[in-house]
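K.L.:
Residue numbers (my numbering), protein chains in the order written: chain A, 83 to 432; chain B, 83 to 432; chain C, 83 to 432; chain D, 83 to 432.
Hints in this document: simulated from the structure, not taken from any laboratory.
If you're wondering where the values come from, they're calculated on a predicted model, not measured in any experiment.
Ideal placement from N, C-alpha and C gives every residue a C-beta, glycine not left out.
No false leads were slipped in.
Which chain D residues face chain B? A few, computed with CB under 8 Å, are given here: (1) Arg135; (2) Val260; (3) Ser261; (4) Tyr265; (5) Pro266; (6) Gly267; (7) Ser270; (8) Leu271; (9) Leu274; (10) Ala319; (11) Glu321.
There are 4 protein chains.
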Amino acid sequence: MSQKIPVGILGATGIVGQRFVQMLEHHPWFEVAWLAASDRSEGRAYGEAARWRLKTAIPERVAKMVVSPAKPEGAPKVIFAALDASIAAEMEPAFAQAGCAVVSNSSALRMAKDVPLVIPEVNAGHVKLIETQAWRKKSGGFVVTNPNCSAIGLVLALAPLDKQFGLETVMAVTMQAVSGAGYPGVASLDILGNVIPYIAKEEEKMEEETLKLLGKLNGAGIVPGSFAMSAQCNRVAVEDGHTESVSVRMKKKAKAEEIISAWNAYTAEPQKMRLPSAPAQPVVYLEADDRPQPRFDADRGAGMTTTVGRLRPCKVLDWKFTVLSHNTIRGAAGAALLNAELLKAQGYLG
Amino acid sequence: MSQKIPVGILGATGIVGQRFVQMLEHHPWFEVAWLAASDRSEGRAYGEAARWRLKTAIPERVAKMVVSPAKPEGAPKVIFAALDASIAAEMEPAFAQAGCAVVSNSSALRMAKDVPLVIPEVNAGHVKLIETQAWRKKSGGFVVTNPNCSAIGLVLALAPLDKQFGLETVMAVTMQAVSGAGYPGVASLDILGNVIPYIAKEEEKMEEETLKLLGKLNGAGIVPGSFAMSAQCNRVAVEDGHTESVSVRMKKKAKAEEIISAWNAYTAEPQKMRLPSAPAQPVVYLEADDRPQPRFDADRGAGMTTTVGRLRPCKVLDWKFTVLSHNTIRGAAGAALLNAELLKAQGYLG
Amino acid sequence: MSQKIPVGILGATGIVGQRFVQMLEHHPWFEVAWLAASDRSEGRAYGEAARWRLKTAIPERVAKMVVSPAKPEGAPKVIFAALDASIAAEMEPAFAQAGCAVVSNSSALRMAKDVPLVIPEVNAGHVKLIETQAWRKKSGGFVVTNPNCSAIGLVLALAPLDKQFGLETVMAVTMQAVSGAGYPGVASLDILGNVIPYIAKEEEKMEEETLKLLGKLNGAGIVPGSFAMSAQCNRVAVEDGHTESVSVRMKKKAKAEEIISAWNAYTAEPQKMRLPSAPAQPVVYLEADDRPQPRFDADRGAGMTTTVGRLRPCKVLDWKFTVLSHNTIRGAAGAALLNAELLKAQGYLG
Amino acid sequence: MSQKIPVGILGATGIVGQRFVQMLEHHPWFEVAWLAASDRSEGRAYGEAARWRLKTAIPERVAKMVVSPAKPEGAPKVIFAALDASIAAEMEPAFAQAGCAVVSNSSALRMAKDVPLVIPEVNAGHVKLIETQAWRKKSGGFVVTNPNCSAIGLVLALAPLDKQFGLETVMAVTMQAVSGAGYPGVASLDILGNVIPYIAKEEEKMEEETLKLLGKLNGAGIVPGSFAMSAQCNRVAVEDGHTESVSVRMKKKAKAEEIISAWNAYTAEPQKMRLPSAPAQPVVYLEADDRPQPRFDADRGAGMTTTVGRLRPCKVLDWKFTVLSHNTIRGAAGAALLNAELLKAQGYLG
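Please put together the full structure from these sequences, using the hints given.
P.N.:
Right, here's the structure in full:
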């Protein structure tokens, strides 16, 4: 009999839900024991309810599992949530209230004062905010969130710079993959041969989440990072991998080789703790003129490594560079999974 | 017998050369009388030498014309040049030396002190720089250039702002169409499902050309614009139309409606003179949340109108917005054609 | 005051509905006087209700029109219908019953015994089937349909061959554009970098409609064509234009030049009657090795011309060739419009 | 010291050459010891000479190897060849003459009377044709080839049918990936949003190679299969994976389940011998309505499994179905590698 921790997935049939199923298939610590989705899917075998959109085959064991009602009764104590924000706003608190550890990819509670927004390599300490949650006090349940798919790659690239040189100003323009919009998501008639210069609420999320992630835990809350931050978000005809053109000004002036070295040398708790989904190198600088590129670099480190390239001086701020991150792995399911691994390592999952 | 001015096209078989042929087919003032391309094409019928890549049919009359050697002997006095920079650097001076008016789309001479770099709606007065050219004095020939395909849309959007409010800082990130790289240009294996965060020399061109275009004619030279300017250039899987995410800081603070009005109301010499290829409105602001988009907006004003959208406050500079411009029409052949029309209207074409 | 015939559009907000609006903007005979769509759109301005997905601007007059309830009361007597089959099955009879001439693009009634399925260049005579309709007898109303977007290009290419040489066997494999699935239609995650070898019910439609179109009117019904017909349908990452690889065996053996001549010389009623939307040449053979191609050839004849290329011997049947047709113009809205023009010319529209 | 057989790669910098490098990185029997490419690459480190276009990283050891002159002197005795046909026609005989086992992916010698054209699962016995080669007799060297990338998937799907039911007629229409044209290969301006209904010499290759592959070894030659075969080839905007719409007539009538069972149960020498690159199942039938699809199925069996789907009756022949095969793995480098493994197992590599 398995010694693994049983986990549930809320929103299991969507693209991120599928990534959870995929990434948990051979996980050493966790095992999918429960799946929930919309009413439409309830009671059906997962393999029929989900329109599987990943290149690896749907795990047979999970394909046969029956989709449960999305209610805490009967659900395991560890829940991965991949819900639309409007649904998450009601459902995640209900599961936390019922004593579940909710490891969420949704935007609903990310900016709540008592909810940690965490990238384990960046701000593992923020997890302590859990202790301020009313749910935690009452039932032991809690909610931990990971950032938006466009914020996470950026922040992984910014964290080493902020730590060593201190960020003053950040400007980012994204070129985001269609998988970030879920399935069916972006209509082909909208994106073939096209760029859409708009993603609803994305710029706001990127700006506020970046500041919270690079903020400091101060008693019962996070003091956001004090740098100026502006984002512009575009959708492009790419399947997976968000590319970002970034400019930064830093408090302490740095040479190119110092910056590159800050990225390549960066490791943190997940690497030290050898968390199963942690990439050996969270940030890798690519020397080639024309990299990173989504088709060739998004899968680095099993999709958990953020790649950076094209560091060069900026005539307005100090430096400009390109960041790439896999949006449904490092930017969603993998982000939550690494959060859960961190929680387990810290003793929060019992 | 035609009363039109006979013109020649250097580099006639490439993508921009084809656009010249297309745009000149029914032109009221000019008529294609001579075509030159590489040695490989010389002596062949144009219709066979050119791999026609445009949606409209190749004009029959031109298809039958024989490709001439790329030498001034026998060439008409008005020459449109669509050459690679390395070839243009030698060939354009040779034609100017021989008395030709060379209206060039190449980058070779754009930044030369005595060569006007012109967008008729922006800096028509710079044309006077012609008079300082040695060729002009000797043979009457001269060279006039238009900017890079990524600079031209940006500058059309910036000019009304600079004029009314004074630019202080400009940051632009481009998402450029593959036709900007010519034919065969970008390999499909490089761009399908991908973004390439690098276009050789493009950022340098955008930065320096923008400053020259928005500079002031001062005696025998141009004093470049004094604002700070930074560009990042990316290639995306779009056929035609360069999209740009732009942020600006201006000397005089402006409200959104003032900026939009500055764009929509902007007209200049080409509109006043009713030049045949001048769009009624050089810059149009689109109100929809998610526009401009290359597939739907690049062809506005027969490809000569720059569209702008998504004006919103920027947390680092003052304002951010999206610019779109057709890269082989307004950004190349149409740019040169409008320059030629301006020259004709000013009496420079005899 | 306009002397044009007022027409209504059922399903006006969809992709085909939008094509109707676009193609009717400057129509010499018809004028959009009424628009209906789903309940969701009712009562809203068309410009807000429709997510306009065409490259030309939405006609201002129509954008301001209010979307009516989809009921015959208050509707004009000529109705273009662009409805989903399940809705059309109920709604088209209701409008015919109420005395309307329903010119339908839907599949619902195409195969009904008393409903003409018409391509004016192919089987204009089938229109007479109207007289057998009960609606016609009762209220004067009737339904006329045009074929599926994948059948119409094929049949335009087959008709000249059937007429001159007699078809015996036809095999067609399609590569269909995403616009054929409407909007939002095909999800970008399904089609980017992909081929989908399945379109629900499409092969059945192609096979049976082709036989009905090339059948003979015999009293109160159509005797279908007697040749064998097999279709395979695929979806590809193309915006507009269905490409088909076709093989045929014919009763009378023909030389390549005879076949090409049969295509290029083909004209019929619409050309003789000079119907406004009839292309000068319904079928054009392209000599180039690698044509037709959707990006370059779908718009021929304003999207109403079918292009054919690559005629060469087939080692199984007699000949093989490639057919291309614009799927939302010739294959949908333009097809219905040409049918309406034929009906008008034949006196069926009063 | 390695006990592996040292192998060389001719045409090592191209897309197929890169696949050889990738697939040989951890091969249990073979080890890359020598690389050759065009004069331009000679003397440079492979990592610099090759524009690496694969998603996995270039193997470090090979990246540092220096590209050798493309001459037999100093080359290993086992050579994988990925050359253009015109170059292969001269170079492959020269290496065979010098005593090398040339395992070729080129089309140059495929149809030569004494050269085996082999898919190990289909016609392993044809390898014996080596013994009739003059090179073999003189120096021990020989040439073995694998089929064109579009023929190989088709033939893997046909072989089980031919064996059990006997093929009478085959019609295939392909939708081929751009990687099949090498790098830079297909220009993005040619294929974005497009279908190209022509690939030079591809249809001829498919037709004649299919017949040779399914032919019988008869003394010193191959008696080609006696069925009728017709192919139509198209290029689509897909990176990897050729999709084919196929119709067949068979001598012995079969039920759907018999055909599906013939595919799923099919194994041959490579499976029995457990050759390292042999997929467990060479042909897999997918039950879903809309599969196989290149994005989701091309990588099955590490790219060595051919997937089949959509079996349904054909109104002209007996059955129609869709075939998908990875064109640069099973269709090129993997094909040659499996041939080399077969040769090794049969004792031909010393």
